[in-house]
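Student: The primary structure of each chain is shown beneath.
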Amino acid sequence: MGWVFAMGETPFDVHINFRRGDREIAASLARRLEALGVTCQYDAGIGGERLIPTDAGAQQAGMLVVIVSAEPPDGRNLRRELAAADRLQRPVAALLVEDIEPRGQHLQLLADRIWFRLYPDPIAQLDHVVELLAALSGKGVASAPKAEPQTLEARQQSLDEAIGEMLSSAVDPAGRAPTDRQAYVGRANSGGKPAPRRGGAGAAIANVLTLGIAGVMARGRAKKAFRANLRKV
Amino acid sequence: MPLSKAAADIPLVPSGLDRAAHHRRDEAWLDKAFASGEAQVLVMRNGMPLVEGSAPASSPVQIGARLAPPRPILWLGPPAGMLSPKATRVFLGETVKGSPVFALELPSSFSLDASPIAGLGVFEDFRAAAQGFTPFEGGAAATARSIFEWHRRHGFCANCGDRTKILEAGWKRVCGDCKAEHFPRVDPVAIMLAVRGEKCLLGRQAAWRPGFWSCLAGFVEPGETIEQAAAREVLEEAGVRCSTRADYLFCQPWPFAHSLMIGLILEADGEDITVDTSELETARWFTREETAAMMAGTHPEVFAPPKFAVAHHVIKAWLERG
Chain A
1 MGWVFAMGET
11 PFDVHINFRR
21 GDREIAASLA
31 RRLEALGVTC
41 QYDAGIGGER
51 LIPTDAGAQQ
61 AGMLVVIVSA
71 EPPDGRNLRR
81 ELAAADRLQR
91 PVAALLVEDI
101 EPRGQHLQLL
111 ADRIWFRLYP
121 DPIAQLDHVV
131 ELLAALSGKG
141 VASAPKAEPQ
151 TLEARQQSLD
161 EAIGEMLSSA
171 VDPAGRAPTD
181 RQAYVGRANS
191 GGKPAPRRGG
201 AGAAIANVLT
211 LGIAGVMARG
221 RAKKAFRANL
231 RKV
Chain B
1 MPLSKAAADI
11 PLVPSGLDRA
21 AHHRRDEAWL
31 DKAFASGEAQ
41 VLVMRNGMPL
51 VEGSAPASSP
61 VQIGARLAPP
71 RPILWLGPPA
81 GMLSPKATRV
91 FLGETVKGSP
101 VFALELPSSF
111 SLDASPIAGL
121 GVFEDFRAAA
131 QGFTPFEGGA
141 AATARSIFEW
151 HRRHGFCANC
161 GDRTKILEAG
171 WKRVCGDCKA
181 EHFPRVDPVA
191 IMLAVRGEKC
201 LLGRQAAWRP
211 GFWSCLAGFV
221 EPGETIEQAA
231 AREVLEEAGV
241 RCSTRADYLF
251 CQPWPFAHSL
261 MIGLILEADG
271 EDITVDTSEL
281 ETARWFTREE
291 TAAMMAGTHP
301 EVFAPPKFAV
311 AHHVIKAWLE
321 RG
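First to last, the protein sequences are chains A and B. Using the numbering used here, you'd call the opening residue of the first sequence number 1 and step up by one each time. Using the numbering used here, you'd call the opening residue of the second sequence number 1 and step up by one each time.
It is worth saying that the hints were derived from the structure and are not from the lab. Treat the hints with care, as some may be off.
As the list claims (entries may be wrong) - Partial chain B-side listing against chain A, Cβ under 7 Å, derived:
| id | residue |
| --- | --- |
| 1 | Val41 |
| 2 | Trp75 |
| 3 | Pro79 |
| 4 | Ala80 |
| 5 | Met82 |
| 6 | Ser84 |
| 7 | Pro85 |
| 8 | Phe110 |
| 9 | Ala114 |
| 10 | Pro116 |
| 11 | Ile117 |
| 12 | Leu120 |
Every residue, glycine too, gets a C-beta built ideally from N, C-alpha and C.
With the hints as extra help, turn the sequences into a complete structure.
Tutor: The structure is reproduced here in C-alpha cells:
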C-alpha cells in the first residue's frame, strides 16, 4: 500500500510534534496549513483543542512535522510517532526554529529527515515552507497525485528538487542571524573580546568517555547528515 | 530628577537612564530603535545577566556568602534579537545621550554554548554580578530582572485565569479574554535599624552564612504606613517595641523578585529581646564599636552585608550620624 493511498484514509493530513514553548509556532503553522485545505493535528495532549490520545499521533495523520528548538524533546513520544510514520511510509519534516544545532534525540532521530531552518523569526518564515509542507502532505497543488502512484523515494526526490528551486528564491540574506559572534557585541560594551571556546582535546576525551568511540562516530555522522539535509529559509 | 546624595550612593538605584515612557506604545519606533546601531541590549536568562568572560558562572549563592569577583556586563547590539525567537523584550529607556536601552530575557532552554555568542560571556548569578555594576548598569539590570520576574509569574490573568499577553514594550499585560490590564508590581519592604543609645539591633536567619548579620526587614502590609510596618516587624521578629517615629533614609529597588527596600532608623523603647524563631535564628544588640569593626571587616566573628545591599548603607548611615 503506497503512502498516497494510505493518506486517503487518515483523518488528518499533518501531525505536528512540538514542545510546550513552541506552541505558538505550531498553532500558527496549523492555521496556515488549514487555510490551504490541509487538516492538522497538533494538540494531542491534555488541554488541547482537539483531544486526541497521544499514541494516536502520527498514526492518524498523513505526514509528521517536528518543530525543533533548544527545548529537549519528549523522546519517547517522538520515537513512537516516527516509528508510526516510517511504518506507514509517511513523510517527516523537521522545522528548526532556533539558531542551534540539534542535539541528543533530536539529532539521533531526525538527522536524515528533511530540515527547514526557520529563524530568526519562525512565525514569519513559516510562509516560506507552508506550501512545501502542504505538498509533502499530498494536499499541495505542486504535488497533486498523478495517475500512477509514485514510490516514496521518487516522490521525495522530485519534491526535493522543487523545494530547492523555491528556496533559492526565498532566502533573504539580510534576515539571517550573523555567524560572526563579534557582530552581536553592542557598542556600549567595555570589552567584549571573545574568549576561547570550550572544547579541544579535553572535550574530545570527555565525549569518548561518555559516548564511546562508536557513539562519537555516530554522532558525527548524524551531524553531517543534518547539515546536508538542512534547507535555509 | 537628580538623586539626593544619599540615594545616589545606593547600588541598583537607576542612574543615567531615562525611562522615556512616551515611546512604549509606539511599536514602529521601538522596532526601529531596537534595530538601530545605537541600541544597547542587556541579555538575561533565568534572572542572570550576561557578563563578559568564559570562566564558569557562580552557582546560586547563600545569603552572605563570599561572592566571586565581578565581571562587566556584556552589552549586545541589535543582532541579540536573533538569538532566540522566544525571547521577551522590554524597553528600559534611553541613556543621557539618547541611545535606546533594551533588555532581552532568553528562554531557560537557550543554550549559550550552542549559540553564535558562545565564548563571549556567561550568565552570572545576579548578586555576584551586582558587585561590579556601574550605577547605570545596576539600575538597568535591577529593572530588567524585576520586570522579567513579573512576566514569568503573571502569564495568566488573576481575574479570569486566561492567558495574558505583553503590551507597551513590556510594561503591561492584558488578558486575552476579560481584557483586564495588569501592570508590573512592586512590593514595598521596610528595612530598618532599631537603635537605642549607642547600640543597634541586628538579626540573622539560620539559612545565612555563619557570622553574617543584617538589619531586620519585612513587607509593608495593606493599611499601614512604612513606619508602622517597621515597628511591627521589629516587635514580631525580635520582641522589641519601637516608636513609630522613624527616620526615612533612602530606598533601593531590589529585584528578588520585585521589591522596593525602604531604609529606616527607628528608636527602640527597650533592650529586651524575644526572638520569633520561625523568622530569625537569633538577634542581638551590637555596640557602635562592634558595628564599626563589622563594617570595616575587622570584627573577628561577624561581618556586615555587602555594599550592594541597602542594609549596608542603613548601618553606615547610623554610624556616620555619630
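Student: Each hint: holds or not?
Tutor: Cross-check of the supplied hints:
1. At about 6 Å, the closest approach between the beta carbon of B:Val41 and any beta carbon in chain A falls short of 7 Å, and the interface hint on this residue holds.
2. The beta carbon of B:Trp75 is positioned within 7 Å of a beta carbon in chain A (closest approach about 4 Å), and the interface hint is therefore held.
3. With a least beta-carbon distance of about 5 Å to chain A, the hint placing B:Pro79 at the interface is held under the 7 Å criterion.
4. With its C-beta approaching chain A no nearer than about 6 Å, B:Ala80 sits inside the 7 Å limit, and its interface hint holds.
5. Of the supplied interface hints, the one on B:Met82 holds, with its beta-carbon coming within about 4 Å of a beta-carbon of chain A, less than 7 Å.
6. For B:Ser84, the interface hint holds, since its Cβ comes within 7 Å of a Cβ in chain A; the closest pair sits about 6 Å apart.
7. Taking 7 Å as the C-beta cut-off, the interface hint given for B:Pro85 holds, the closest approach to chain A being about 5 Å.
8. Given hint, B:Phe110 at the interface with chain A, holds; its Cβ is 6 Å from that chain's nearest Cβ, closer than 7 Å.
9. The closest approach between the C-beta of B:Ala114 and any C-beta of chain A is roughly 5 Å, which is under the 7 Å cut-off, so the hint is satisfied.
10. Against a cut-off of 7 Å between C-beta atoms, the interface hint on B:Pro116 holds, since the closest Cβ of chain A lies about 5 Å away.
11. Given hint, B:Ile117 at the interface with chain A, holds; its Cβ is 5 Å from that chain's nearest Cβ, closer than 7 Å.
12. Annotation: B:Leu120 was flagged as interfacial toward chain A, and the flag holds, the nearest CB pair being 5 Å apart, inside 7 Å.
Consistency note: the structure conflicts with none of the earlier hints.
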